[in-house]
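Trainee: Here's the letter readout for the chains.
2 protein chains.
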Amino acid sequence: MKDFGQATETVQLEGDGVTFQARAVGPPAAAVWELWFRFTLKVGNGTSTTMAPDLNAQTAKDMQEARDKVSFDLQTIRDHLFGEHSVTNGAARSGRRNWESFEQIERILRKEPVFDKSSRDFIGRVEAYKRALAITKRLTELQRLHQWTSEQAAQAMLILSETLPITLHDFAFEPVLLGQGSTDLVDEYWKLVAHKGIQGCYLQTELGHGTNVARLETTATYIPETEEFELHSPTLTSTKWWIGALGKTATHGIVQAKLVLPGGKDVGPHLFLVQLRSLEDHSLYPGITAGDIGPKAGGAALDNGFARFDHVRIPWKNMLSKFATVTQDGRYIQPQNPKHSFAGMMYIRASMVTTAGWTLARGITIAIRYATVRRQGEHDDRGLERQVIQYPSTYYRLLPILSRSYVFIALGRQTTKSFTASAERIKQGDLGYLAEIHAMLCGLKVLVSTETINGLETARRALGGHGYSIFAGIGRMYADYLPAATFEGDNFVLDGQVVRAALKSYNFLVSTPDRPLGLHSSYLRLLRAGMLNRPVISAMMWQEHAAIIHLLEWRAALSVQSAAQNSDHPDAGINYRLSKAVTEAFVATQVGAIVSDLNQLSPNEASALKDLYLLVCSYLILPRKAALVDLLAFSLLQRAPDQTDPTRDLRAAINAVCLRLLPNAVGFTDAFTFSDWSLDSALGVSNGRVYEELWKRAQLEPLNQTNTTPGYEESLKPMLEEGRRIASSTKSRL
Amino acid sequence: MKDFGQATETVQLEGDGVTFQARAVGPPAAAVWELWFRFTLKVGNGTSTTMAPDLNAQTAKDMQEARDKVSFDLQTIRDHLFGEHSVTNGAARSGRRNWESFEQIERILRKEPVFDKSSRDFIGRVEAYKRALAITKRLTELQRLHQWTSEQAAQAMLILSETLPITLHDFAFEPVLLGQGSTDLVDEYWKLVAHKGIQGCYLQTELGHGTNVARLETTATYIPETEEFELHSPTLTSTKWWIGALGKTATHGIVQAKLVLPGGKDVGPHLFLVQLRSLEDHSLYPGITAGDIGPKAGGAALDNGFARFDHVRIPWKNMLSKFATVTQDGRYIQPQNPKHSFAGMMYIRASMVTTAGWTLARGITIAIRYATVRRQGEHDDRGLERQVIQYPSTYYRLLPILSRSYVFIALGRQTTKSFTASAERIKQGDLGYLAEIHAMLCGLKVLVSTETINGLETARRALGGHGYSIFAGIGRMYADYLPAATFEGDNFVLDGQVVRAALKSYNFLVSTPDRPLGLHSSYLRLLRAGMLNRPVISAMMWQEHAAIIHLLEWRAALSVQSAAQNSDHPDAGINYRLSKAVTEAFVATQVGAIVSDLNQLSPNEASALKDLYLLVCSYLILPRKAALVDLLAFSLLQRAPDQTDPTRDLRAAINAVCLRLLPNAVGFTDAFTFSDWSLDSALGVSNGRVYEELWKRAQLEPLNQTNTTPGYEESLKPMLEEGRRIASSTKSRL
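Chains as they are written, first to last, in full-length UniProt numbering: chain A, 1 to 734; chain B, 1 to 734.
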């Protein structure tokens with residue numbers, strides 16, 4: 001990135017009170033973002049005699065003033081955030097006790113030199129990988145030393161927020177082995193796995209296939225004579241690819257391969273345990289070609305790898321045969337239908353939503369703190385420039401992200417509760433219900449990942465030029481989180497699942513109107529009563545959660561009805577649009593439940609949080625959210641006789657709630673209780689001294705450790721000397 | 001990033017014909033994007049016996065088939081793209097001749113070993129910087145060797161698409177010196193600058209100030225006794241920051257500093273030429289502290305730097321005094337109003353829009369080619385999986401980006417023409433008109449930068465998992481282009497300018513209805529006739545450019561009117577919303593002009609291009625574009641008695657035009673004529689063999705050059721050994 005500050009030419013727009021400057025930079029390819037507009041308030045004829053205050057000292061003052069303004073008790077809000085299930089889905093505990101355990105673990109971690117983050121910004125992949133291994137080693141030691149539960153270990157990982165190869169061992173290799181391995185195989189490996197005596201990875205994705213597992217090409221052919229399976233990669237596209245920890249770390253792997261029976265019958269993908277590297281010197285086993293797939297977005301420290309198998313033999317017992325098995329003489333035995341896994345899905349669902357919330361929380365803390373101490377542009381009554389956060393275009397972008405982070409954290413808790421409540425029904429085999437929950441999960445996944453990615457980038461852009469510095473911290477967060485969008489690469493699948501379930505419920509409703517509706521299709525009840533009691537919109541209603549939630553349910557109901565009635569002529573965007581409508585209605589009702597719980601809190605805290613959650617509800621309806629279009633299209637929002645624009649009241653209401661929230665913005669972010677070490681952002685330092693921190697970090701840049709210029713002797717010097725030679729020998733101008 | 005392929009548990013959704021698998025990975029903080037949904041078509045009971053074809057060979061076949069399908073003459077479309085002003089704003093030339101010169105320069109460049117791109121993905125900042133200097137040196141030699149005009153040199157930079165420190169010398173330092181330096185100063189330095197005898201940078205932005213130049217803190221105090229200026233950085237926040245090429249490269253700089261006269265009067269920011277480094281050994285001059293500001297988004301090879309001045313003296317003649325000057329005895333002489341700069345603005349405006357087009361062109365070429373050869377999911381009649389581009393959710397995302405790239409390229413040309421036509425009026429001092437054009441430029445800047453950033457990311461996500469690999473190529477493009485969003489950091493300023501000009505024109509219209517409207521406010525004419533002849537919407541109209549353009553003009557007119565009538569109660573988002581409405585109306589009318597020019601072409605090519613431009617028009621109205629909300633809110637789009645949803649016809653029309661464009665998608669991207677060398681993307685190779693290319697590039701990863709694992713001895717080995725020791729000594733299970 002280049003300097004944002006150059007200007008070549010000036011055009012005075014008389015009377016506008018501004019100076020417009022623009023410059024041409026770079027070849028056209030680069031020029032677009034080199035162009036720079038600048039508006040300078042003209043004092044008289046460009047003369048300014050104001051004495052500027054000490055901007056650096058001012059940053060700390062501004063942060064202190066912001067904290068003095070906070071209207072609520074910080075600990076109450078903090079305990080609300082850390083309430084049960086808010087960080088992990090562990091056993092129910094009070095928010096206070098959750099936070100204390102969180103705090104205790106962090107105190108241990110931040111004392112460890114190995115976990116120091118100051119070098120992260122300057123090291124290449126190899127160094128980053130070595131650092132990750134060192135962190136992994138120390139983390140394992142600490143877990144033993146303090147006898148952390150697996151939940152506490154997970155909390156430690158969350159606090160560290162580093163990408164480590166070990167993650168794949170703990171959360172992919174281990175559960176797959178335990179979940180699908182035979183008792184004998186589990187007995188043989190369990191202790192080695194638990195104590196990290198081996199390092200595992202999980203090999204499924206291939207160069208040619210991600211989504212469609214049925215088309216994986218790797219084969220495992222059973223040889224009855226020797227009672228072995230022969231693993232083989234028949235084609236280039238069958239190369240295992242993207243496999244975390246395979247590149248350099250793993251000693252063992254579980255491979256997804258098509259099981260081929262004697263006689264050549266292919267019975268589809270099954271799992272096999274394979275040793276990849278020697279436990280003596282870590283060298284690759286014969287017949288295995290493996291390596292790292294190269295740099296990618298985020299996760300520099302992770303060795304995503306590739307592997308090819310050339311007729312590699314493994315013993316019969318290494319097939320993971322808990323559900324499907326092959327007898328020693330080569331007969332295939334059908335898989336059963338595993339119900340055990342539901343609890344696992346619960347865990348995922350909770351952490352998926354909650355994690356999105358905590359990730360947004362980090363980004364928005366940085367953005368709100370910086371926007372509070374950064375002053376630019378218009379002057380306030382004290383002759384100071386205005387705090388950036390005071391500009392409508394800034395708080396209008398940032399506050400909704402803050403509210404979403406709170407909602408996702410609470411929603412994760414809420415979702416677990418409601419889904420846990422219904423776990424019984426599913427254990428009893430109510431698969432229709434399971435299907436509906438699964439569809440809702442797809443919708444939630446799309447919503448939280450999309451919102452978190454957008455939210456992080458919006459927060460980063462609100463940082464202005466300094467937001468592009470790696471020291472700002474959000475850029476790294478974005479790159480590491482971005483892969484969540486891969487699910488979006490699959491949105492047509494996920495949205496399709498949501499839509500399928502919604503249409504199914506609708507058709508049931510039409511065929512059997514008095515059939516009870518599931519938790520996630522309750523909005524369809526509105527179609528029973530028919531169109532008669534559609535809501536009537538008034539300016540007031542935008543201040544009421546209930547009214548907005550009702551509107552969003554109506555939108556979902558009418559969208560599903562319209563889609564069902566036009567299912568013979570779908571448009572290209574229908575799945576995306578419909579899935580959004582259904583999921584946003586669900587989220588809105590969940591927010592309603594969260595808000596009603598707030599009455600346990602004292603009035604001050606309750607009302608502050610209610611505003612925060614109200615902002616989410618109204619924001620769900622703004623254009624970017626597509627809901628507004630639907631409300632207007634379905635005439636749920638109609639122009640009153642005296643109105644030119646029926647959306648004005650909503651926009652005014654959002655501005656009003658933003659202005660109520662503004663004084664508490666810093667307080668809401670402080671309630672996350674991120675330490676400076678954990679947040680690791682020059683623009684998010686809690687004392688507000690962002691300029692000192694930027695300066696300090698820039699001094700660590702390797703290029704600044706010497707006064708010499710790399711490449712000077714080879715390139716720069718000869719070029720300059722040749723230029724001077726020609727210049728002195730040239731008589732006329734060019 | 002981690003493997004996308006793991007699965008721990010399976011829940012069979014009976015009767016759904018799908019298997020749903022999910023896995024818990026990582027601590028909650030990581031789990032969200034580790035969660036993986038997979039739907040596998042069940043063949044019988046998980047049994048698949050289909051013989052898969054050679055996927056690798058298929059990629060090349062698919063690409064060839066796509067090319068065979070193209071309905072138009074490639075050269076005609078190519079020449080349309082390269083038409084005059086389409087690449088730079090040089091003298092008018094035919095598209096054919098533009099392309100030939102383009103092609104000739106590229107042939108020269110891609111032969112140069114120094115310009116090889118294969119190492120780019122693996123080197124750190126220092127190596128990247130050294131590589132950039134070597135490229136700069138060779139590029140300078142080639143320019144002399146082939147006697148390239150400055151326009152051809154710019155074209156060469158565009159083809160190279162590398163970030164080079166030299167850019168700041170050519171496009172910031174040089175024009176500022178020439179534009180604002182006195183004749184004596186220019187005479188003294190011109191040849192040195194032109195022949196790269198010195199390397200310049202431009203120091204304006206400070207740690208504490210970007211936008212508000214009036215508040216820059218660096219001072220230049222005139223000392224009449226010695227006829228010198230004394231440059232000084234009084235505070236930490238006055239440190240010059242983000243300055244391109246300052247960190248390690250520049251020998252000279254032009255500094256923006258507050259001019260302080262004898263007696264202490266501060267007359268605001270002025271420009272001063274300062275030597276920063278010795279021409280002997282490149283060491284920093286006394287009193288100057290400078291260095292690199294550290295890593296940032298994109299531009300790894302660029303040394304954005306900081307600098308502080310400790311009472312640094314420079315001679316009187318080094319003030320850039322073409323407009324404002326100080327006499328030797330210290331009297332200040334007022335600046336005049338420089339008109340010379342308009343041509344420069346023309347150049348910027350053209351390259352700004354055109355560049356956005358060519359950047360999108362690179363990204364969409366990669367995405368469409370990969371989506372054409374990538375097969376996944378459903379099976380087609382040949383038993384092959386479906387090409388990803390055939391999925392509605394894919395072409396619905398990609399084709400509008402393709403059309404925008406064409407529009408921005410043509411729009412750059414169009415804008416230059418129309419603005420050039422009116423240059424005279426402005427030269428004659430019609431500043432109101434200049435203000436209006438300036439406002440429109442602000443709007444265009446916001447629109448093209450926003451659309452290009454979004455378009456690049458949308459294209460990247462359409463690549464699925466492989467899109468996260470650096471070898472895909474779009475990630476780097478995105479990071480390098482992203483800073484264009486800094487303008488968006490300034491959107492409240494830019495949008496504000498657009499809105500101010502629009503309201504001004506509206507008020508003129510109200511006060512003096514028969515006053516002629518400027519080019520950029522012609523949409524306001526609709527308010528003259530009053531609401532009576534509002535358009536009536538029919539399904540047909542979505543096939544007509546003119547009708548859609550008319551709608552968008554109506555939307556702009558009513559938005560401005562409504563904003564004017566409610567100016568006393570603006571909502572937080574009004575500037576953003578209104579600016580969009582006005583700019584999109586302008587863009588639409590420009591597209592109309594482009595389309596009417598197409599009749600010069602033969603019917604085949606004309607109709608293909610018309611569809612492409614039609615898609616842009618209709619896309620301007622989709623939800624993400626906010627226009628649909630306005631159309632509905634202002635009742636420009638009303639529900640026909642027989643409709644439940646007035647937006648259905650539009651959605652259907654967009655799907656229809658997408659289906660017409662689909663067979664030509666690869667053809668439209670081939671017309672950009674990017675060579676594989678210039679595109680530098682494993683997923684965008686023109687022969688379609690993406691898997692071979694991914695494999696080839698992964699082998700170059702430094703981690704794969706040895707079989708050893710970095711950090712094995714220090715961390716991994718001891719951890720594994722300790723784990724095995726504990727495992728063997730543990731009796732019971734944990």
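By construction, these hints were calculated from the structure, which means they are not laboratory data.
A virtual CB, placed ideally from N, CA and C, is assigned to each residue, including glycine.
Some hints could be false.
[As the list claims (entries may be wrong)] Footprint (simulated), chain B over chain A, 3 or more residues, beta carbon under 8 angstroms: (1) 384–398; (2) 519–527.
[To be verified] EDC-like, lysine to aspartate or glutamate: derived pairs with alpha carbons at most 20 angstroms apart: (3) B:LYS191 with A:GLU127; (4) B:LYS717 with A:GLU714; (5) A:LYS117 with A:GLU103; (6) B:LYS717 with A:GLU141; (7) B:LYS317 with B:GLU174; (8) A:LYS717 with B:GLU127; (9) B:LYS696 with A:GLU141; (10) A:LYS117 with A:GLU713; (11) A:LYS717 with B:GLU722; (12) A:LYS130 with B:GLU722; (13) B:LYS130 with A:ASP568; (14) B:LYS610 with B:ASP73; (15) A:LYS191 with B:GLU722; (16) B:LYS130 with A:GLU721; (17) B:LYS130 with A:GLU713; (18) B:LYS322 with B:ASP184; (19) A:LYS130 with B:GLU721; (20) A:LYS130 with B:GLU713; (21) A:LYS191 with B:GLU721; (22) A:LYS717 with B:GLU721; (23) A:LYS717 with B:ASP281; (24) B:LYS717 with A:ASP310; (25) B:LYS610 with B:ASP79.
[Stated by the list, open to error] Pair by pair, the computed Cβ-Cβ distance ranges are: (26) B:ASP568 with A:ASN687: 36 to 42 angstroms; (27) A:LYS696 with B:ARG313: 25 to 31 angstroms; (28) A:LEU74 with B:ARG313: 29 to 35 angstroms; (29) A:LYS417 with B:GLN643: 37 to 43 angstroms.
Trainee: Does each hint fit the structure? Answer for all of them.
Mentor: Each hint, compared with the structure:
1. 384–398: holds (count 7)
2. 519–527: violated (count 0)
3. B:LYS191 with A:GLU127: Violated, at roughly 45 angstroms.
4. B:LYS717 with A:GLU714: Distance of about 42 angstroms is beyond 20 angstroms: violated.
5. A:LYS117 with A:GLU103: holds (19 angstroms)
6. B:LYS717 with A:GLU141: holds (14 angstroms)
7. B:LYS317 with B:GLU174: holds (17 angstroms)
8. A:LYS717 with B:GLU127: It holds: about 17 angstroms lies between the C-alpha atoms, which stays within 20 angstroms.
9. B:LYS696 with A:GLU141: Not OK: B:LYS696 and A:GLU141 at ~39 angstroms, beyond 20 angstroms, violated.
10. A:LYS117 with A:GLU713: violated (34 angstroms)
11. A:LYS717 with B:GLU722: Distance of about 54 angstroms is beyond 20 angstroms: violated.
12. A:LYS130 with B:GLU722: Holds, at roughly 19 angstroms.
13. B:LYS130 with A:ASP568: Roughly 60 angstroms between the alpha carbons, so the hint for B:LYS130 and A:ASP568 is violated.
14. B:LYS610 with B:ASP73: With Cα atoms ~15 angstroms apart, B:LYS610 and B:ASP73 stay inside 20 angstroms; holds.
15. A:LYS191 with B:GLU722: With Cα atoms ~12 angstroms apart, A:LYS191 and B:GLU722 stay inside 20 angstroms; holds.
16. B:LYS130 with A:GLU721: Holds. B:LYS130 to A:GLU721 sits at ~18 angstroms (cutoff 20 angstroms).
17. B:LYS130 with A:GLU713: holds (10 angstroms)
18. B:LYS322 with B:ASP184: Holds - the C-alpha atoms of B:ASP184 and B:LYS322 are around 10 angstroms apart, at most 20 angstroms.
19. A:LYS130 with B:GLU721: Cα-Cα ~18 angstroms, so holds.
20. A:LYS130 with B:GLU713: holds (10 angstroms)
21. A:LYS191 with B:GLU721: The hint holds at about 13 angstroms.
22. A:LYS717 with B:GLU721: violated (53 angstroms)
23. A:LYS717 with B:ASP281: Holds. A:LYS717 to B:ASP281 sits at ~9 angstroms (cutoff 20 angstroms).
24. B:LYS717 with A:ASP310: Distance of about 27 angstroms is beyond 20 angstroms: violated.
25. B:LYS610 with B:ASP79: holds (16 angstroms)
26. B:ASP568 with A:ASN687: 36 to 42 angstroms: holds (40 angstroms)
27. A:LYS696 with B:ARG313: 25 to 31 angstroms: Distance hint for A:LYS696, B:ARG313 holds at roughly 30 angstroms.
28. A:LEU74 with B:ARG313: 29 to 35 angstroms: Taking Cβ atoms as reference, A:LEU74 and B:ARG313 lie about 53 angstroms apart, which means the hint is violated.
29. A:LYS417 with B:GLN643: 37 to 43 angstroms: Holds - the Cβ-Cβ distance for A:LYS417 and B:GLN643, about 41 angstroms, lies within 37 to 43 angstroms.
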